[in-house]
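Take a look at the letters that make up each chain.
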Amino acid sequence: MKDLALQALDAAARRGVTYADVRAIEIRDREITTKNGKAGHVSGSESLGLGIRVLAFGCWGFAATDDLTPAGIAAAAALALDIARAGKAAHKRDVVLAPEGKYEAQWVSPCAIDPFSIPVDRQLAALLAIDEALRRNPGVTLAETSMHFERRRQVFASTLGSLIDQTRVQSGAGFSALSYKNGEIQRRSYPNSFGGQYQLKGYELIDELHLLENAPRIAEEAVALHAADQCPEGEFDLILDSSQLALQIHESIGHPIELDRVLGSEANYAGMSFLTLDRLGRLEYGSEIVNVVCDARPVHGPGLGTFAFDDEGVPAQSNDIVRGGLFVGYMTSRETAAAVGAGRSNGCMRADGWARLPLIRMTNVSLLPGDQELEEVFDARSGIYMETNRSWSIDDKRYNFQFGCEIGWEVRNGKRKRMLKNPSYSGISTDFWNSCVAIAGREHWTLWGVPNCGKGQPEQVMGTGHGASPARFRKIKTGGAYGG
Amino acid sequence: MDRAECETLFSQVADAARARGVTDVEAIVAGEDHALTRFANNAIHQNVAERTVHLSVRAVVDGRTARASTNCLDRESIGEVVEEAIAITRLTDPDPEILPLAAPAKYVLVDRRFEATAQATPDARALAVGQAIAVVEDAGQTAAGIYSTGESFFALLNSRGVSAWHGETMARFSITAMGRDSSGWAKASACYHGDFDPLDLAARASRKATESAGPRELPPGRYTVILEPAAVLDLTGQMFGDFSATAIRDGRSFLNDRLGRKIFGENITISDDVWHPGQAGPPFDGEGVPRRRLKLVESGVVRDIAYCRQAAAHAGTTPTGHGFPLPNEFGEAPGNIVIAGGNSTLDEMVASTDRGILVTRFWYIREVDPYEKIFTGMTRDGTFLVEDGELRGGVRNFRFNESLIQMLSNVEALSQAVRASGEEAGDLVAPAMKVRDFNFTEVTRF
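Sequence order for the protein chains is A and B. Numbers 4 to 487, taken from the working numbering, label the letters of the first sequence in order. Numbers 54 to 499, taken from the working numbering, label the letters of the second sequence in order.
It should be emphasised that the hints constitute simulated quantities derived from the structure, not laboratory data. Note that the structure is predicted; figures quoted are calculated from it, not measured. Beta carbons are placed, not taken as given, at the ideal position from N, Cα and C, and that holds for glycine. It cannot be assumed that every hint is accurate.
[What the hints assert, rightly or not] Chain A regions said to be covered by chain B (calculated; three or more residues, Cβ under 8 Å): (1) 46-53; (2) 76-89; (3) 171-179; (4) 351-364; (5) 397-409; (6) 423-435.
[To be verified] Below are the DMTMM-like pairs computed for lysine to aspartate or glutamate, each with C-alpha atoms no more than 25 Å apart in a straight line: (7) 41/A with 129/B; (8) 5/A with 129/B; (9) 91/A with 176/B; (10) 418/A with 374/A.
[Stated by the list, open to error] Some but not every residue of chain B turned toward chain A, in silico, with C-beta under 8 Å: (11) 98; (12) 101; (13) 454; (14) 458.
Chain A extracted, bound-state conformation:
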């Protein structure tokens, strides 16, 4: 791997470039699913390739290949340079990069149990046991379970002289129970929807999730939702579980703070951001108890955004994004940091594989724990508690959002009362965060993994991390998804 990376770097550098970097990546992947008592998808895959990024003639060029012969690597390096040269046809100003150091490092993410050392039949048996537990409830018409593991080794080499070898192992698992009855589909998922929980851990994550123990409750809730009352349309105190809050952070804080969006790089696809440069240090993003960090360091936890160096060779960092409610930071790259006069990138460039260019991506964007007990978070006279995301949507500048959840409960005087089906809420990002009145403490804080964040053209799918504990928000509009 190191030889491949250095060979490619040499092939690019000797053609005369301002800067070049190479990422040689080897990925091993395993995915197992079950459906109604049978194996669904059982597969393993391996992928090896490299991407060469060059800065020449003031423009970027990038070429990726899985032809790792000397000729294949030389051709990719030549193509990257040709592409950079072509960029001069529509060029305004030369790309400038914020300075960065030279690093030689090796890092392996903590992994107690190698998931690939566990035989497929044992993993399948664990999922089938959960599947069976779900289907013991006769109201469950579709039981689905899944496990997903990935080991990714990446060697980064750059003309700054950096040579960084990182290996990350991530695991994910979850299940769902679907109930179709009388023209209505209801679903419950555990520990989260859309594949469950994902972290930068080995197979030990699977044991920590207590999947089988939770299957009967989830099945029961899926079936019970049919008889529940519809979530009312109105304004209520809203209490969110930490998994839904994690997605709220992702959509209404994580994406708007991407400096490439702010500067217009994503305008044609993912969109831009309401967080224009004049708002830094001035905008009251949230209430005083809202503190948000962007933290890629292993000390933050085993998140999908945890690493030692980003894909530009910048060390992992922690940066304040919202401090005491005030908006104080963006996520940056070497290029965008230079564009706004920052002294250094804060290390958020990531690519979803060897074939794609690094972009500014969320690392772990987390809401720090609050001081309240869980009982205080629920201490609403008239509120609605919502759990587990079902749908999510936000405009292309990240103002207006609407989320749906799988299940809700009416909260009266601090106590959970009747179950509510089809719960949803909506609002404007800054109004929402300024309405935050209670955040539960560290003991209720979970670092959730979002494995499917899309961005870029060609689109890249990235895993991001978001820590959150349950929180309460005052006077939020609910039920609009079924209104009108």
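Given the coordinates of chain A, assemble chain B onto it according to the supplied hints.
Same frame as chain A, but now just chain B:
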């Protein structure tokens, strides 16, 4: 890789499997050469190319099946991926519904490869991008977008003699023009890059940005909407995964208890037709079964659904050629949608509207209710008020919460169908639609 190279590769797969005592084996060989020139702030800022090839092997052993994949195609790696496929297959449980590998069949081939598109250079893309930017810049606006070109192939081969190969080229151009407080967007895609004109698309996006400047805020509510083809694609494209026998059997389709019923308006007819000139993709499915044309909706009535081989065997019918590669939990889905058009035009729809909203495109569409097929999302990049038969300027973008069943029951006019390209669903052939009582529930701040 051409068909012969894929067949040579498969013979190595079959040999490696036989050497391990397995005779039933299938391989997918797929690859692409793809390049994309991306621009923003009136300049090229990301400019990339990738070349990938992929071998995926499925073994069938004693009623069990599983898959292993690699992008390393040397003899040793091929042996390893076959070994892995067989090893994990043997560790799975037998599936009583598993079928033998598909048998050879005749394919009605479709030629979608254009040498000029395959050979498009970085310089050619950059030149077109530079000219398109100039159109927007001359209007005092800022351009962002992409121009991509490339070719791909997909081959499916198995030890019963199936050897299906399809190659095609694809080009896409999309552009957003941004004014001070407005934006406009246009996009096209085609197997031959000469079938669209980047300058025309740039002019269209720029005109929308100009004409929607100074957007006013209207209250949410039910409006007549005129949806351009991309907006029709964005929204209707969300439902076709439900026209699936497996989804219905699973109880996750909105067509449960609705097959054969009239659920849309009389003027809604939808087909699946891989041979339509506005379509792309191979004429066979993930098991090598030839695709068949389907009449999914006829005059508002749900007619055909897609069947993979296993779903067809379960239902006692014949497969339609829409199955996904095995093993999978989703079964099948139609992928070459053609929504029949009408005899109206976009201009006539505007002229016949007393008060309504014209929508260029939708954004961030997500399912709210899986059975009533309610979706939420936003308008974006060119949302206009229509009054007294004329466009009256831009409006702030709306959030909608709308049932597709309701929407397709409220269509008052359709234009001719065209190949449409959006960002929320795959390309399809769709008309513009005029729809009454479309449910906008909120307004955003721009």
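Which earlier hints turn out false for this structure, listed by number in ascending order? 3, 7, 14
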